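Could you fit the two chains together into a complex? Lean on the hints.
Which chain is which? The protein sequence lines are A and B, in order.
Note that my numbering has the first sequence beginning at 1, numbered continuously upward.
Note that my numbering has the second sequence beginning at 1, numbered continuously upward.
Heads up, simulated DSSO-like pairs for lysine-lysine below, C-alpha to C-alpha not over 30 Å straight-line:
1) Lys-272/A to Lys-358/A
2) Lys-160/A to Lys-256/B
3) Lys-222/B to Lys-131/A
4) Lys-228/A to Lys-346/B
5) Lys-666/A to Lys-346/B
6) Lys-454/A to Lys-163/B
7) Lys-471/A to Lys-346/B
8) Lys-272/A to Lys-304/A
9) Lys-220/B to Lys-460/A
10) Lys-256/A to Lys-334/A
11) Lys-346/B to Lys-514/A
12) Lys-270/B to Lys-454/A
13) Lys-323/B to Lys-460/A
14) Lys-346/B to Lys-476/A
15) Lys-131/A to Lys-287/B
16) Lys-454/A to Lys-220/B
These aren't lab readings, by the way, just hints derived from the structure by calculation.
For clarity, every value in this text was computed on a predicted model and none was experimentally measured.
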Amino acid sequence: MHKFCNMMKKFIYTICFLFFVCISYGQNKEFTKIAFPDNTKELRAAQSNIKKGKKAFEKYADYREAMKYFLKANDFNPKNAELNYKIFLCYYELYMPENGFSYLEQAIMLDSNYHPDMLFYRGVMNQYYYKFDTAIYYFTIAKTMKNKAIKHINECHTGKLMLENEVRCFIDNVGENVNSEEDEYNPIITADGTTLYFTSRRGGKNIDYAPDGKYYENIYVSELNPNKQWDKAEFVKELNSETHDAVQGLSHDGLKIVIYRNDNNGDLYESKKRNNKFQNPKPIPGINRTESHETSAAYSFDGKTIYFCSDRQGGYGKHDIYKATLNKKGKFDKIENLGSVINTEEEERCVFAHPDGKTIYFSSQGHDGMGGYDIYYSTFENNQWSKPVNVGYPINTPGDDIYFVITADGKIGYYASNQSGGMGGKDIYLITLLGPEKLFVYNTEDNLLAESVKPFTESKSIKTLDIEPPKLTLLKGTVVDEETKTPIFADIDLYNLENNELLASFESNDITGKFLLSLPSGKNYSVNVKAQDYLFHSQNFNLPDSAGYQEIEQIIELKKIEIGKEIVLNNIFFEFNKATLLKESINELENVYKLLVDNPNISVEISGHTDNVGSATYNNKLSLERANSVVKYLIDKGIATERLSAVGYGFDKPIAPNTSEEGRQKNRRTEFKILEK
Amino acid sequence: MKKYILISLITIFFISFSNAQKKDSIIVIESTEHRAEQLYNNAVKSYEEKAYTEAINFLQLSIAENQTFSDAYFLLAVIYSENNNKQQAIKTLNDYILQSEYKDTAYYLIAKIYYEDKQYDSAVVYLSNSIQNNPKYYQSYYLQSIICFEKAQYEDAILNLTKVIEIQPNFAHAFNDRGSAKRMLEKYDEAIDDYSMAIVIDKKAIYYNNRGSVKMKIEKYKEAIDDYSAAIVLDSNYFIALNNRGVAKIEIKDYKGAITDFTLCLEKQKDYYSAISNRGIAYYKSKRYKEAIADFDTLIAVNPSDGTSYLHRANTKEMIRDKEGACQDWQKAADLGIDVAKNYVKNQCHQ
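With the rest of the complex left out, here is chain B (with noise of 0.2 Å):
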């Protein structure tokens, strides 16, 4: 994300230098302005060799001499903004909107520092602001429904994105964060839709994965797995969509393939604990109990806190007729908080 942002107030200032550039050639510069832009240039070509301080000094006096002088606010509020000083940032936004007749990049920079803040409330109104300045600014409606979906607010984020779209017909990205928020209301035909227009503009990895996720949520654990199966092709290192491609194969009793695809997640990323978890349920469903048990040990071992490796380790001593390992493993899960396995104690243990 910071990359990105970085990447956009290059952008903008580049766009916002050459606009400057443009109205050099027909504005007549006066001498004070003239020492304005001097000392402007001097703070881009510090700025360029990352001598932030010095590109402050020269920005300050730039505006000390022309306070009308927008282009030096917002290259100051970018230097603000990438030194992490946000207060800073979002004050020289502010005078740069005063100044600037372009407002709405800026009012889109400070919405973004207010939700890099999770200050959402804040972050909302510039965005507004920018909406208001700009009714074509799709990143603003974009970052809207960024904000909306962390707020669990699905049906605003998807009139968000519907309008990113209309704005910008080929940005997969909304087209996957869309299917997303359709997901999380359960219109997983829809969501599939739109994950699989984002494919058409984009082939990535991750929307191959979200489409194999909802494809899991509606059963069709053959298609999930074609899926995750893309997405590895497009990214070897993609170990999410290993993990999950295992539990959809456990859902299809394919628990070799399962037990495979989990030892490769895990080879990509030894300590994703997901992974040896779910390994273990599959060695427990292919009869593999001694080997189930050792993926549980290990994440006892890591986590002695976490319930559900209890539950299953106990589910597993269960088949090997080890009751009282088992009575002891449920034991531990009830007492941190698994509530089944209180049922368990209670049925399987007191008689």
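Just chain A, same shape as in the assembly (with noise of 0.2 Å):
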């Protein structure tokens, strides 16, 4: 609201400018020596201006350029409805609007007749500025752009909603550790909020002017600071060429990046993190193409997937998102439009993929917004898209809104935007979501007896608008050695347990040894942490759909293979007090027998133990049998009798207290030890 406030005193202060300047200046003005007969010299130099901005404006559509050369020409003779509507166009054509309305406006007064156009572009600005009601009015009578006019009406009637409906959410300049007088845009995150990847479009060392008056895009980073403050963001030299680049998607866990290039009609570039550095970014083999454009990209959760966003042809208009998947070669082929739900004749752009794994967000011109591009999700369940929704205001204005990041827990958001009070052209900006409507109960009192003062009083609750949070786990680790605690370089497999599909590899990164895994809900997961040289390290995750969202941080200690090390095997199961293995199991025993035959000089033991349920007997009894159903599981795959043996604990060897259910189902384990190597 604080921003539309701001939108309508810029709205009144510019009426109240123009109505001064209505009256103290007169009718059109043409650039003719009848008009400036003292002014010779001058009319020609701003005759001259004109027709170099006219060529810039009509044939290169270097609005910059010509706006230039336009300016000039108005500080002779500002009082040309040509001028002045061309003026407005170029401001309009370079997304400042609000500094070109002041123009249409003047154009208007100087000749209300001069172009048909002008009337649609007054809705446009009225629209702009909130003023949907007078906006329709515009566009009801504009007698041009009748298509255009009808789906900007609409796009009135669906502010009026929006504005009704306001999200709760406070907006905030990231700052100028991030933003400076230039323009910065396409925030990127990790799925845990705290490194941000930006393309700016400010100078510094060897940075060039691109042909629109511009320093050339670069990309930066920032990494969030323990007081939540982002820090200075620094040039990433790694990912920056001479020309445009700019961020365009990240992995979750920050290790692989997307970046776009002015290559071939605009191309997708990705590279992937080693000594903590991006390597040399390489063209996405399978989804560029030479005669289209390609552009933003986004990961799935599980890194399998690209969606990305490209004008080739077939599509359903302009740019449409699409998705692209990893094939076994490790390449992306399988290339799927998203499909008419998704988009529209109009632009889809900047799409994101949250690490729910099923919650996509872009920008669109062609879905019912409020104007200009706006930001939507749509959630793929059941085998398809559901209807894009509307992010809301005021994260969507009647402008721009794009390149709309979340973190995993659904509650900050990035986007930029050149709304007023920012440091410079476009600025990033930080959106914290309140979530739904916190509740509010009123009073209302009824004498409902007649002969009766005995009030009858109601409570009632304002209705609230019920937003679920995202469902997944956020596993965030860092693998290190056991005894140096030093970080190691890991492989990090996940694995659907309900069917033992591999569903993504992983890997830690290679300097600090941390990762970050997103675990949406409704799997039974394994996750897998194998590094050279130590025992592998495994963990159960097993979400059910209702597991909400939580955030879980782990040092995972690998332990070297050596004689006396033991593991345990988290994803071993068993049938209810019984030894017979589950099917869930098999991965974990797979990666037992490969352990084996990779260390071929190793004998370990195989240790069952229990909870203290039961008695003694029966306890050492099933450990034992539990311990021989793995070791026959090893010897039938071919690990030979004598380099396995089975032992039952029983409750002997606890590693939690049994006094808790999540303590006696730690116990209920099995281990692996080396005794000989």
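See below:
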């Protein structure tokens, strides 16, 4: 609403300004000798500027250049309707309509019949300033651009509704450590929201001007410090070239990045982090096409899918959103248009895939919005995309609202906007989403019975919109050596235990050992961490559909393959009170098998452990039988019997108190210990 | 209600009195009866002069002279009732019933005494007797409907009120009350019809207010506002209609109008805390957070154990980025039993 008020103030100031201008100025004045008999030299210069401006405008669509010349001419003669209208159009094309508004009004005041499109644009400007009813009036009476006017009228109606149903959020400029006097946009964050990559058109060492008069785009990074402030942004040298480099997408762990370069009509490049630095970006095979413009990219939670935008032929119109799936050779193919539910005849841009594994956010000019690009989300469930939902005002405005990203917990978003009060050009803004309206209870009272003074009071809650929070688990881990605590570069495999399918493979950061996994609810996951010369580490995350958002931070200490070292096999499961292995154990058993194959000299003890429910005799027997089941599986796979021994400890070696179900669950386990090497 | 009872008793008294006069004209009074009547006349005079003790003495003497003199019993019961001597009133009315052939009113009056004492079961017994004695005695059906309503037996209330309306088709209160019973059964369209009928018979603020509140239930907020407005025109001091209209205006997002109504309501009834709370909400909705907090502060100062006011103040503090203050208030609301505040503390404050 603050934004709305500022816009309204601007609008009123402009109207007042024009009122005074109207009083002080007269009618349209042409650039002729008759109009300027005493200023021949200045007139000639102004005419020359107009000519140059028109050439830049009409021939090259270089509106910045054209505006420069038009403004010079306007200094000499501000009372020419055509020139004022042209200046407005330049600002409009340069996405600075608020700067052009006074020129449009001046043009209409000087000669309201100069150009029939002026009424349409008056509607556009009123829409921009949230004056939806006035805008509808101008769109209705405009005699040109009828098709566009109908779309704008619909947007105004939607806008009115959106203003009434404001989204509860705070929108703050992220500050001078990120934003500059130039444009900043394309904010991209890691799933935990601690690293921010963005594109800036600021100047700097060896940064040249692009043909549009601004500096070339470059990529910067900033880290969130413990005070929840963004550190001074740094130029990401290894990703930037001499021309445009714009960040487009980031894997949720921050180890893979997609950037845009202006090659072949605009292509997407990918780079992976090694030694804490991104490698030389390479075009993403299978996605780029020479004849089309590819832009914006987002990795799915498992990294197996990339969503991207392209204006290639065969789409629904302009840029559409597509997805490409990683094949077994590690290349993206199987490119699919997301379909008519998502894509429209207008532009769809700036796709972002949420770590919940089912939601995408994108900007569109074609869906039911307030004007310009609006941000929408859609979820993929039951094998189809849901109807896109507008994320609402004040995130969406009548202007262009694009480059929206949101953290895994759904509480913090970022986007770029050129709203007033910024540091110059487009700035990156932090959106703190406050969630659904909090509960308010109001009281009414009636005298229901005519002859009874006893009042009847009722309390009623104000209706609130129920927003479902994201359902996922964010696992933030660091892999270290058990003894030295030094970070380890490890492979992390994510399995679905229902069918033992490998869902995704990741790596920890080779310098910090850190990794970040997004585990959407609704699956029974096994996370396997493996590194050269170390025993593997496995973990089980059984997340039902109902499991809400949670963040888990873990330090995973890998043990060297040495005599006496033991690990818990967290993903071995048995039938209740039996020694029969469940199918969910296959993946873990295969890990043990592979370890034994890779290390043919080791002999191991497989031990069974129970909780303290039941007698010692019963538990000793059960634990031994379970250990034997594991040993049998390995022997059946071909491991020599003499390398394996089975032991049942019953409840003699608890690793947690048996006083809670959680503790008892931990104690019911299978362990693996190296006896000989 | 007391006023009604008094008027009823006096009316009944005069009816009984005139009956007695009629009897005089056809019955030859023997000497004891004559003395009884003289004493009764003295009692009436004392009663009119509000000399109740004297009146009671005359009536007791009158009854001693003529133990079948029903009018004396009746007036005695009236005086006992007026002097809040309920047990004596009931006993005397029972004596009257033994002596008189016109029993419906007496049963009704006993029922009324029991009703006022919230002895609904006893009241219902006497109302049944009254109706049995005179099936057209609509007052008994009406009182029975009120008892049913208060016992939340809305279907039975409707049956009794329908009977009242059959006997007395222009009794607007009965339509109003039946509308209210239907409202409680969520038969909102039927309730509106009954309130409308009450309004046709007699334009009273209460009927409009009640119809407005049913329109709120079916989310016809603008029509509700029209009804509340009509109620306020009829009774400019009807502050609950002002409060209700304010709430309806919140629903249509006319927060400015809502604030005006709540403020006006508080001018009529300055300690009407519902209006203060509702105005706080309207201030919140119109982003006038400081004024909202001021209203919630007032409520908390008056009633520090009101968890809802803490909840509202916390919600408002959140919007002025006073997270610490919001969390303290949510915690307080949670401690005072507001369950939703526990969730807010968990989700917003422990991070």
